[in-house]
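Asks: Okay, here's what each chain looks like letter by letter:
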Amino acid sequence: MQDLLTAYKPKLSGHTELRVQRNMNRNVSLVAGNIVGNSFTEQQGVSARVYDGGYWGFASGADYNERNIDSVLAAAVRNAKFLTSRLGAEKPAINILPSGKFSTKVTRDNDVTQKTLIDFAREIDAYIVAKYPKLASRVVSTRSDATEKYLVTSDGADVYSLMPRSATVIQLSAETDDGAVVEIYDYLAGDAGFFSEVCTDPKLLFGKIDALYELIMRKREGVYADAGVRDVILDSKLAGILAHEAIGHTTEADLVLGGSVAGPNLGKPVASEIVTLVDFANTALGLDCPQPIFVDDEGTVARDATIIENGVLRGFMHNRETAQRFGHEPTGNARAYLFSDEPLVRMRNTAILPGTDKLADMIASVDDGYYLTHTGNGQADLTSEFMFGVNMGYEIKNGKIGRAIRDTTISGVAFDLLKTVTMLSDEMTWESGGMCGKKQPIAVGMGGPSVKCRVNIGGR
Amino acid sequence: MDDTIKKELYDIADYALAALTKAGASGAEVNISKSQRDEVNVDAGEFSLVRTTLGSSLNIRAIVGGKRGTAATNRHDRESIDAAVAAAIAGAESSEPDDAEIIADGVGEHTFTIGAAAGSLDKMFDRKQEFLAQVKAELPEIDVMQFVTQFNSGNQLYANTNGSRLTCASGRYSTSITFSAREGDNVTSMNGSGYSSHEFDTPILDHDFVRRALGEMKAQLHTVPVDGKFVGTLVAAPDCLSDFLNSMVGSIEDSSLISGTSPWKDKLGQTVADSRLNIELDPFYPRITAGSPYDGNGNLCERSEIIKDGVLVNFALSQYGSRKTGLPMLRAENGFIVGAGDTALDDIIAGIDDGLLINRFSGGSPAQNGDFSGVAKNSFLVKNGKITDAVSETMISGNLFEMLNNIVAISSDVQCDGGSVVPYAAFRGVTISGK
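Here the protein sequences line up with chains Z and P, keeping their order. Mapped onto this note's numbering, the consecutive letters of the first sequence carry residue numbers 1 to 460. Mapped onto this note's numbering, the consecutive letters of the second sequence carry residue numbers 461 to 895.
Worth flagging that the hints you see were computed from the coordinates, not collected in a lab. Any given hint could turn out to be false.
Estimated spans, in silico, between C-beta atoms of each pair [what the hints assert, rightly or not]:
1) P:K466 x Z:A130: 46 to 56 Å
2) P:A578 x Z:A93: 39 to 49 Å
3) P:K678 x Z:G88: 26 to 36 Å
Note that the coordinates shown come from a computational prediction; the quantities given were computed from them, not determined experimentally. From the three backbone atoms N, C-alpha and C, an ideal C-beta is built for every residue, glycine too.
The following block holds chain Z by itself, in its conformation from the complex:
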């Protein structure tokens, strides 16, 4: 990406952000062996955001040249002034912060062609159809996206980042004896990196396909969950969505301003003492996070946001404006999806920290409940009432895994549910393939250990 922004740095006044960004997206999808999706999309352009008298003005355009940069800067100023002209400039200026500087070491050298994704998906599909002909159907998806951006601000921030991520996902369908179709899907591979770095060899994933086939065969025989509040073990693959939906959204500072129950609970116990939850900026427990943010899209140096520490609600996720309003330190949670999007308060890598228990002991401790292992979509609320879909799970009877269950949904009020957490496993699983939706989509990481708690489970 050619640098045209440096020349503008001395000219930026007040609080101004100038960002050039390119989003690339490759998708291949095979449904029952048919290539129904085969696309390459590129969206790029330049945007400016200006803070003036308490209001933001934003403008963007696709062309990346000096004329368009001048144009979006002028339009952003004009838009902010529209609001000050109608409402008066009565709010304080945004604090000037130490400028963030960052330049990624990731290069585009390892990017691949569309053919690589197609061939990879075909080989996965061929393996499934040859080995498991009795499946009702299968879907194989390979995908790779990358966000490249360059940001300069009036505070002196100077940031270049390139964040690729890639995945191979499959869905298997099987018919039950009564003619219904049950499905299961899962990531065979998914992580930060270009496709060739994350999905190196289809053969390495065959073992995961075999394991998923075993699950769908058990699900074929699955029973409906018994609706009601039950003891459950959420596998570590579900801890991330619990952290994200149940707590994360409720503690985004813009939602706290909107009335979330987290507001009046700051400093109070909201969870069992064994629960600590952090929105990590870039590094967790000594390892890189799936979505490493070093400087956010307002130019703020990103730092970890400790949300719950030993059961006590300690803080929120902030952009500059909300941090100033609450009198808190900014955390660097302002993130924008496309060049044409303004930064919003978004999560980065939200995780419950592991405990000391063994998963086997946790399962053995449940007399009558469920062990839930695969999840789907989720949703949050101001009240901290959350839900997420469960696509695979099992009964636990007298400490032993029993029959599989069919698709269901679990829900609860997070600040109640977290008080019922009695065990956390000593493992840590990160999920990073999905997108979070909140006016704009954004890639997020989420993680945690297996969790023993009580939740409301849907069923019959």
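Model the placement of chain P on the given structure of chain Z, informed by the hints.
Replies: Chain P alone, transformed into the frame defined by chain Z:
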């Protein structure tokens, strides 16, 4: 459409189609647009941001040796077009031949104009300020959260190598409001409402469904849990009914029918629902403001029934899905209309002894066989013919396809938000469970 813009779009199409043909495509199509979005934002009850985005797009689909490749870019300069052409050709060459991949027959030249040519930032600001003042005065318990209003204008061209040239100039306002109610530290679940329209002259709170959604929030400050579980009647409000029926439509789209996993794959022409259920897409219906006159493959759209008097009369297949399965194509992409019933909502409620009025469903995606479960949000118990307490921590579960045969009544009241026209509907036999 302005002649200068039209010429610009035609020139891009001619250049791209010629380049694709020269590169070996036996057929190709392009969707090209230039657009502008003006947006006024309120966050946490206060004006926060004005945003202007100038957009452009070029989407290419090329067939090379019976193989399909697609590519998209948001730039219209020759270098970007050349790169997108090369990406589409490379994608096709890497793919597999598929007889279902075709470029639609040429339909000649058609021009459409929908809505207003230009929006007004002042009008958006004034209406929003008026709304905030009205809510503060009339519904003081309401917290307006994210409240976004846009005017989206665009000029689009579809062109293909079979001679189709379809242009559409459109402009519409859209507004979405997220809100909750608060009393001290007590806060309700958040809820949302919104609509799209060609004009923005009507006060936002004058839209009945917006006022109703806001007006119901105060009662949600005090909720009761459902004790245990029971099987009762579920009254699905329009937004919730849309979610359920869109899931149903999803099960008769390309993916489910190509994979053969749709539970209705063999049901065309058969009764699948209560005879009072009618579902169609009609992008030209007068109260639909966001209808598409042609689809992404250059097929002219028309009013299209999916369920008529409970009979499945069409699937929701695209051009590709139709050719792949040998089943008919749905000749519309949007304008979702559910036929109104003949019973007033109040009369439906009056006939229910034990049930739940659900305004918003927050649940996992229904399973392929129609099983669903999720949380009933912003919802109320119905007891002995009356709406009573708001509920908390309440889940519902059932089977979508069974529900469509268990309809108690469909309301004569409909909600029209510019994108859809949907009534209330009551279903018997849904499991409602609490803590």
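Asks: Each hint should be assessed against the structure and marked as holding or not.
Replies: Evaluated hints:
1. P:K466 x Z:A130: 46 to 56 Å: holds (53 Å)
2. P:A578 x Z:A93: 39 to 49 Å: For A578 of chain P and A93 of chain Z the Cβ distance comes to about 34 Å; the hint is violated.
3. P:K678 x Z:G88: 26 to 36 Å: holds (32 Å)
In the structure shown, a violation is registered for the earlier hint numbered 2 alone.
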